[in-house]
Amino acid sequence: MTIKSVTSLLAHADDNMVLAQRLGELISNAPELEIDIALGNTALDHLGVARALYTHAGNTEGKGRSEDELAMFRTEREYTNLLLVEQPNGDFAHTMVRQLFFDAYQMELWRDLSTFSDTTLAGIAARALKEATYHMRFSSGWVTRLGDGTEESHRRAQDGVNALWQYTSEMFEGEAEHYHPAWSTTIESALIEAGLDPVADPYQRTGGRSGFHTEYLGFLLAEMQWVQRSYPGLKW
Amino acid sequence: MSYDVPVAPGEKAEIEETTELSGESWPMWEVFVRARRGISHVHIGSLHAADAETALENARDVYTRRGEGVSVWVVRSSEVHAFEPEAAADYVEANEKVYRLATAYEIPEEVGQM
Amino acid sequence: MIGDMIVAQQMPEPMLESVPTWFVVLGRRPVVAGTGWSHRVDVRSGGNDGFRANERSFAYYGVMSSEERFQTIIDAEDKIEPPDWMPEAYRKTLIRQIAQHAHSEVIGMQPESNWITRAPTLHRTAILIAKVQDEAGHGLYLYAAAETLGVRRDEMQELLHRGKHKYSSIFNYPTLSWADMGTIGWLVDGAAITNQVMLTRGSYGPYARAMVRICKEESFHQRQGYELLIRLCQGSSEQKAMAQDSVNRWWWPALMMFGPHDSDSTHTEQSMKWKIKRVSNDDLRQQFVDMTVPQADYLGLKIPDPDLRWNEERGHYDFGEIDWEEFWRVVKGNGPMNRERVAHKVKAWDDGAWVREAAMAYAKKQAHSAA
Numbered sequence: 001m002t003i004k005s006v007t008s009l010l011a012h013a014d015d016n017m018v019l020a021q022r023l024g025e026l027i028s029n030a031p032e033l034e035i036d037i038a039l040g041n042t043a044l045d046h047l048g049v050a051r052a053l054y055t056h057a058g059n060t061e062g063k064g065r066s067e068d069e070l071a072m073f074r075t076e077r078e079y080t081n082l083l084l085v086e087q088p089n090g091d092f093a094h095t096m097v098r099q100l101f102f103d104a105y106q107m108e109l110w111r112d113l114s115t116f117s118d119t120t121l122a123g124i125a126a127r128a129l130k131e132a133t134y135h136m137r138f139s140s141g142w143v144t145r146l147g148d149g150t151e152e153s154h155r156r157a158q159d160g161v162n163a164l165w166q167y168t169s170e171m172f173e174g175e176a177e178h179y180h181p182a183w184s185t186t187i188e189s190a191l192i193e194a195g196l197d198p199v200a201d202p203y204q205r206t207g208g209r210s211g212f213h214t215e216y217l218g219f220l221l222a223e224m225q226w227v228q229r230s231y232p233g234l235k236w
Numbered sequence: 001m002s003y004d005v006p007v008a009p010g011e012k013a014e015i016e017e018t019t020e021l022s023g024e025s026w027p028m029w030e031v032f033v034r035a036r037r038g039i040s041h042v043h044i045g046s047l048h049a050a051d052a053e054t055a056l057e058n059a060r061d062v063y064t065r066r067g068e069g070v071s072v073w074v075v076r077s078s079e080v081h082a083f084e085p086e087a088a089a090d091y092v093e094a095n096e097k098v099y100r101l102a103t104a105y106e107i108p109e110e111v112g113q114m
Numbered sequence: 001m002i003g004d005m006i007v008a009q010q011m012p013e014p015m016l017e018s019v020p021t022w023f024v025v026l027g028r029r030p031v032v033a034g035t036g037w038s039h040r041v042d043v044r045s046g047g048n049d050g051f052r053a054n055e056r057s058f059a060y061y062g063v064m065s066s067e068e069r070f071q072t073i074i075d076a077e078d079k080i081e082p083p084d085w086m087p088e089a090y091r092k093t094l095i096r097q098i099a100q101h102a103h104s105e106v107i108g109m110q111p112e113s114n115w116i117t118r119a120p121t122l123h124r125t126a127i128l129i130a131k132v133q134d135e136a137g138h139g140l141y142l143y144a145a146a147e148t149l150g151v152r153r154d155e156m157q158e159l160l161h162r163g164k165h166k167y168s169s170i171f172n173y174p175t176l177s178w179a180d181m182g183t184i185g186w187l188v189d190g191a192a193i194t195n196q197v198m199l200t201r202g203s204y205g206p207y208a209r210a211m212v213r214i215c216k217e218e219s220f221h222q223r224q225g226y227e228l229l230i231r232l233c234q235g236s237s238e239q240k241a242m243a244q245d246s247v248n249r250w251w252w253p254a255l256m257m258f259g260p261h262d263s264d265s266t267h268t269e270q271s272m273k274w275k276i277k278r279v280s281n282d283d284l285r286q287q288f289v290d291m292t293v294p295q296a297d298y299l300g301l302k303i304p305d306p307d308l309r310w311n312e313e314r315g316h317y318d319f320g321e322i323d324w325e326e327f328w329r330v331v332k333g334n335g336p337m338n339r340e341r342v343a344h345k346v347k348a349w350d351d352g353a354w355v356r357e358a359a360m361a362y363a364k365k366q367a368h369s370a371a
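Residue numbers (my numbering), protein chains in the order written: chain F, 1 to 236; chain C, 1 to 114; chain V, 1 to 371.
Extracted from the complex, chain F is given alone in its bound form:
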């Protein structure tokens, strides 16, 4: 396959779009100004990747759909992002654990796609890999700090791991299966470093890739798409 299917490009775009949206909610709510700025950068990186992928998907599809049409005029059932990224921010520990799980996955994904024969996608992936490396340093650093910080931060970090673990195996469905071993190794050592326990409960929830979401996504999209859908067909 020389070109990723439009479906697959959209799935990756949606992942980044939805996570950017979640991180965007946090700006002005961070524990310190420095963290507001850092989260803003991460949000902008994911947003940038989403835009590039939507544009590429639109071009590949050939129906003339722009990034905004793809982001703003697809419904909850048409969005195929991972359930992990649509989960609410929770506390800072939740946000960082979600980020760590996703960053470790994206590291594998972008590393793989950066050598893909579709050069547009490979280019997007190569750039995204650099950004993911930085995100990963930030999220794993913070998970360690929280896990090994105070009693309270440890408890909150463990709660985050426990709550979000059920959304992790979804990342490795289908062709993404071969990313799983490397991801597991990374996460295992990150948790050890942080002094956090792995999750014993084998329950896993999936469905995002087929548009079967948690109830959180609908609200996120309602907010995001509201202006465009209230005044369709205008330029902003």
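Rather than coming from a laboratory, the hints here were simulated on the basis of the structure. Just so we're clear, the structure is a prediction, and the values are computed from it rather than from any experiment. Hints may be right or wrong, so weigh each one.
Here's a subset of chain F near chain C, in silico, CB distances under 10 Å, partners left out [to be verified]:
(1) Asn41
(2) Lys235
(3) Trp236
Have a look at the derived ranges for each label pair, beta carbon to beta carbon [unchecked claim]:
(4) F/Glu177 x V/Phe220: 42 to 48 Å
(5) V/Asp78 x F/Glu152: 46 to 52 Å
(6) V/Ser237 x C/Glu11: 42 to 48 Å
(7) V/Met272 x C/Lys97: 35 to 41 Å
Straight-line alpha carbon distances no greater than 30 Å define the calculated DSSO-like cross-link-like pairs of lysine-lysine that follow [unchecked claim]:
(8) F/Lys235 x V/Lys332
(9) C/Lys12 x V/Lys273
(10) V/Lys332 x C/Lys12
Backbone N, C-alpha and C define an ideal beta-carbon position, used for all residues, glycine too.
Given chain F, put chains C and V in place with the hints provided.
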């Protein structure tokens, strides 16, 4: 003026400067950025962080958002040493030794550029 | 002026020895205050051997007190730097101004972050995130500048949270439509720039440097706002109505940003002398109106002021009187959003306490195990 808050009639102009704090604060760090290869790191500002690692990450986010640099140093502000202002006299001597300056010597015009 | 006085007299030798806490100031040429005179050599009594040996190169000299030296530096358009002696009132005025400026940037994140998740296009989302992020950065630069005056950032934050410190009233108005993102950039950032360009020439080094950095970033803010409004004004009638409604709501609060009339401004004169403030409130406001009216004309938007008209004689626009009752009401804490803005900030701060503590605890453990 725009971000200055006027003093309402009956209010004190002076604002409070200190208060009791509930928690311990993150220490301050000085940030030095090398704008491009070939030039030195230059002091660009400060920030707060709990440790060197986060200080570096924060410095990147805070001070190089617009491609201002290719390399960043952070130094804990408490590790920067300087003379007390009273010691400013130390600079006088240097300033007075005009014989250190190239301009203190007259070279005849016919010798040309030197 | 001090400059003239000190160079005019040859300093008597005994004086040099008898005034150990005075500064000796040397200059290479006669001083006209504020021009070309160099104060760069300071001797604290003693040290006159070297001085005598170089009498030839320092033809002019004199003595001055810390206070005179301070004002001389300012008059010479040079900067006061953190270790320098400064009058306590100067320090206090600066802390007040810089802290409030920092608080304004930080509280100013809220009305705009209110629209991040609702921006109509991905491009606009990116711009808005970058802008709000800049404001966090501006707050951070400014807090750092204030910290050089011996006050800690978390102290200032704490005082803001307790309502002891204020911030610009403009941020106590709500953002009710997407057009507000344009209007804030155009009018609010525009008004801020009018003021901030002046602040880059202020006398306190760390503040002036922070302002240079901020001004560079601020012009992006204003331009993106104006461009956003151009898009709306060239769009549908609904979009244009949205833009007009927004300008109707923000025009007067933007004019209020320049503060009370000069005649009612309490500490303008001293601040001007210290070059903390360099242009008066009314002059800045006039400058802003003159600059903005043609920009509104280009957009085809009406400024909500029946008294606004060009005055040929003055070469400026005349404009109506601000509702000073509203002005003081908001300053005193009773504007539309005062309570919400502070509550939002306090919640973020309190919710983050355990994160800040965890980071410190971890850093200490690491330092301990490294030692």
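Checking each numbered hint in turn, tell me which of them this model violates, lowest number first.
Numbers 2, 3 and 8 - these are the hints that the structure violates, sorted from lowest upward.
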